[in-house]
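K.L.:
Here are the chains, one letter per residue:
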Amino acid sequence: MSSDQDHLKETDTEARFEFKKEEASAFKSEKGLTEETIRVISEDKDEPEWMLERRLRALRQFQEMPMPTDWPGQPDLSEVDIDEIVPYIRPDIDTRGGVDDWEDLPEDIKDTFDKLGIPEAEKNALSGVGAQYESEIVYQNMQERWEEKGVIFMDMDRAVQEHPEIVKEHFMTKCVPPSDNKFAALHGAIWSGGSFVYVPEDTTVNMPVQAYFRMNSEGMGQFEHTLIIAEENSEVHYIEGCSAPKYSSFNLHSGGVEVFVNEGAHVQYSTVQNWSKNTYNLNTKRAIAEKDATMEWVSGSMGSKATMLYPSTILKGPGATDNHITIAFAGEGQDIDTGAKVYHNAPNTKSTIESKSIAKDGGRTNYRGLVHISDGAENSSTSVECDALMFDNESTSDTMPYMEIEESKVDVAHEATVGKIGDEDVFYLQSRGLDDDDAKQMIVAGFIEPITEELPIEYAVELNRLIELEMEGSLG
Amino acid sequence: MSVQLETISEETVRQLSEERDEPEWLLEQRLDALEALDDLPFPDVIQTPGRKWTDLADLDYESMVDPFSQTEEKEWEADEGIDVLPFHEAVEAEESLVRDAFGSVVDPETNYLTALSTALFTTGTVIYVPEGVDAEDVTIRTTMNGRSLFNYTLVVTEKSSSVTILERQETGEDLDGSRYYSGLTEIVGGENAYVQYGSLQDLDQTTYNYQLKEAEVDTYGTVDFIDVNIGSRLTKASVETHLNGDSSETKMVGAFYGHDDQHFDIDARVWHNAEHTTADLVTRGVIDDRARSVYEGVQNVGREAWDTSSYQRENTLMLSDESEADASPKLIINNHDTEASHSATVGQVDQQDLFYMTSRGVNERLAKNMLVEGFYVPVLEEIEVEELREELTERVRERLRQRE
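In order, the protein sequence lines correspond to chains A and B.
Going by our numbering, the first sequence opens with residue 1, and the numbers climb by one from there.
Going by our numbering, the second sequence opens with residue 1, and the numbers climb by one from there.
The following block holds chain A by itself, in its conformation from the complex (with noise of 0.2 Å):
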C-alpha cells in the first residue's frame, strides 16, 4: 500500500467522515446538498477562492433550478431524490477506497470483468479496489514524446493547482454553464477528480490519449470533469472508458465533459460507458467548434438504470463541422434517453448524426435530438440518421428529433427506422450453420458496425464483447 493509501484511510475516510457526522447535526434540517457539504470538499482539494466561488454558485444555481419533469417521454427521475443526494455522499466518502477486497465487488461486475478477459490487476483497478489516492489516472498512457511538445494531460484536480489560469478562463464558463441544467449546476457544485488535456497550437497527437476508470479522493467519480482544449490546427483523440461496468454504491452520475475546438483543430471524444445498473447517468457534454475545426463524438451507452445525455456542439466559427456517431443499448429495467444536439451558428456548418440503438428484455431507448440553425448560418446543412432494432415485444423504442431552422438558406434532413431483427437474416445464417444466438449476434454486430469502426480496436473489441455479454441468455 502506498502511503498515499495510508494517508487515504487516516485522514480522509474516517476523521472526515467525523467530521461531517457532527456537522450533520449541525445542519440537519437544511435540504439536499448544502454550503457547508462544498466548503469540506474544497478545502479538502486545497482549492484556490475562485474555484470555491464557482462552487458556491453552481450550488445557488442547483437549488434555485427544477427537477425536468416535463420532457415527453422522459426517464422517471422520482428516485433521485436530491435531498439524499448528500446522504449518498457520505455514505462513500467513508468507503471512498472502494471495496477492500476483489470478492466483496457484486457477482455481476466480477462476472464481467471475467469474461471480458481483463487481467486480474486491471479488474482491480477498474473496479476501485486499492482504489490510489488523488486519482493518479489509473491507466494512462501518456508518453514523454507528447508532454515535450506541451501536451498536457492531467487530472483536473491537479490541473486546478497547476495551470490555474487555463481552468480559470475555460472551466465551466462558456461551454457548459452550472445555469445550463439542473445536473449541469449540481457537477459545479460537487464536481471532482476528470481529465485535464491540453493541445497546443500545430500539434497533432497522432495515438489516442486514454484515460480510463479511476477514483480520486472524494470516492465521487461520478462527478468527474473533463476540460480539453486543442489550440489553432492542433488535433488529438481523446477516449474515457468506462468499458468496463463501474463499481459504485452511488446512485447518481453527473458528469461534465467541455471541449474547446479552436480554429482548424480537430478533436474526437470517444467513449463506451457501462455503468451499473442502478446509476441514474444524467451529464452534460458539449463541444465549441470555432472557424474549420472539426468535433467528432463517439458514444457508447450501455448499462445505467436511466441515462439522459445528448452531447452537444455548438458550431461557432464558419465552416465547422460536427459528425455524431452514437449507439445506445437498452436490457431490461433500463431507460437510455440519449441523443445529440448541435447549434449551427455560423455559415458552412455542416453536421451529421448517425444513430443506433438496440432494446431488449423490457429496455427502452429513446433518441431525442436537437438541430438548431440560427439565422445567418447560410449553406448549413445536417443529416440525422436513427436506427432501432428491437428483440422483443417487452422492450419500447422512441425517436423524437427537434429541427429548429431559422436560416433559409440549408439542407436538413432526418430519417429514422425501427425495426425488429430480421427473420430471413437469421434463417439465412441459421442455413448456414449458425445457431440461433450467434446469428442474431452477429447480425447486431453488423447493425453496430458504423460505432465499432471508428474505435481503436481494443474498444471496439470491449463493445462487441459487452453487447454479447448484455444478450447472452436472453435469446432463444
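Among the hints, erroneous ones may be present.
[Stated by the list, open to error] Here are some chain A residues pointing at chain B (derived, C-beta under 10 Å):
1. TRP146
2. GLU415
3. THR417
Think of the hints as simulated: they come from the structure by calculation, not from any bench.
Owing to the predicted nature of the structure, the values given are computational and were not obtained by experimental measurement.
Glycine is no exception: its CB is placed at the ideal position from the N, C-alpha and C atoms.
Please build the complex by placing chain B on the supplied structure of chain A, with the hints as guidance.
P.N.:
Then chain B, alone, in the frame of chain A:
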C-alpha cells in the same frame, strides 16, 4: 395554467343551451366542460429546454371570445341517402345517435380549448352514413362573421359505408381587432367503412384558429384526413387517428402555406392499437416572409399492435430568410413487430433546378414559382378530392402571384 374568462359563466352556457332548446344531457356535458376549464392545460405544444414553440396560453381570449355574437353562414351539399344535418336539427331528429357519439372520440376535457369549445359551441354539422351506403361528396362551407365562432362536426359511419367530406372555413365581413375560430371534428369510422375527410382552412389573417380533428377506426376501416391550412394569423391544428380495429388504416395528408407573419403549429398523430394496422403521414409546407411553421408528427405503436406498418414524411420549403421552421417527427414503438420510418427535411428551392430552368429560358421568378408549385405535387397526388386539389393549387398560385 388556465385563463379565467370573465365573459363566460354557467349562466352563459345555460343561455346558449336554452336558446337552442337542447336536451338536458347536452347541457350537462357543456356544464361539465365549463367546470373542468380551470384545471385543464392548454394543448400540448412541442418544447425544447428553455423554449416553447407555440404559446397558446398567451392569447387574449378575453377580447376574442364573445359567446353571443357567434354568427356564421353555412352551406351544405350532400347526396341523397345520408343525413347531413345542422347540429341542432340532428339533436332533435337523431337524438340517440348524437348522444352516443358526441364526445366519444374527442374527449371534451382533452385540454382547455376543447373544453371551451364544448361549452360554447353554437353551430355544427352531423353526418350519418348508414350501413352499406356509399355517399359520394358532402361539402360544408362555414363563413364566420362574428368575433368568435365555435363549430362542431360529428361524423358517424356504419359498417361498410363510405363518404367523402370536404369542409371549408372562411371569414366573411371584416372586423377590427382579432378573432377566434375553434372547431372540433370527431369521426366514428365503422367496420369496413371508408371515410375521407378533407378540410380547407382559409380564414383571414386577423383570426386565431384552433382545430382538433380526431377519428376512431374499426376493423378493416379506413379514415383518411386531408388538412390544408392557408389562412389565419395563428393556427394550432391537430389531426389524430386511433387505429382501434385490426387491419384498419389511415392516411394523413397535410399541406400549408404561410406568409406574412402567419404562425402554423400542425400536428399529425396516429395510435396503432390493433394488429396489422397501417398509417401513412405526408405533410408538405411552404413558408415565406416572416412566417413560422411548427410540425409535430407522432406514430405511436402500442404493445398489442402486431405487424404494424407506419410511415411519416414531412418536408418544408423556406422561401425567405426571415421565416422559421421547426419540425419534430416522433416514433414511439412498443411492439417490435413493426416496420416504421419517419423523415423530415427543411430546405430552400433547389438551386440546380432553378439554374436548369433559367438556362432553358424560363425567367427566374416563373421558374421559382413552378418549383414551389411542383413541391406540392406529392401531396396533391394524395388528395383524392378533386375540388380540394384544385382549390389548393389555386390558393398556392395566388400566394405566389402576391410575392414581390
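K.L.:
Under the constraints set out in the numbered hints, which ones does this structure not fulfil?
P.N.:
1
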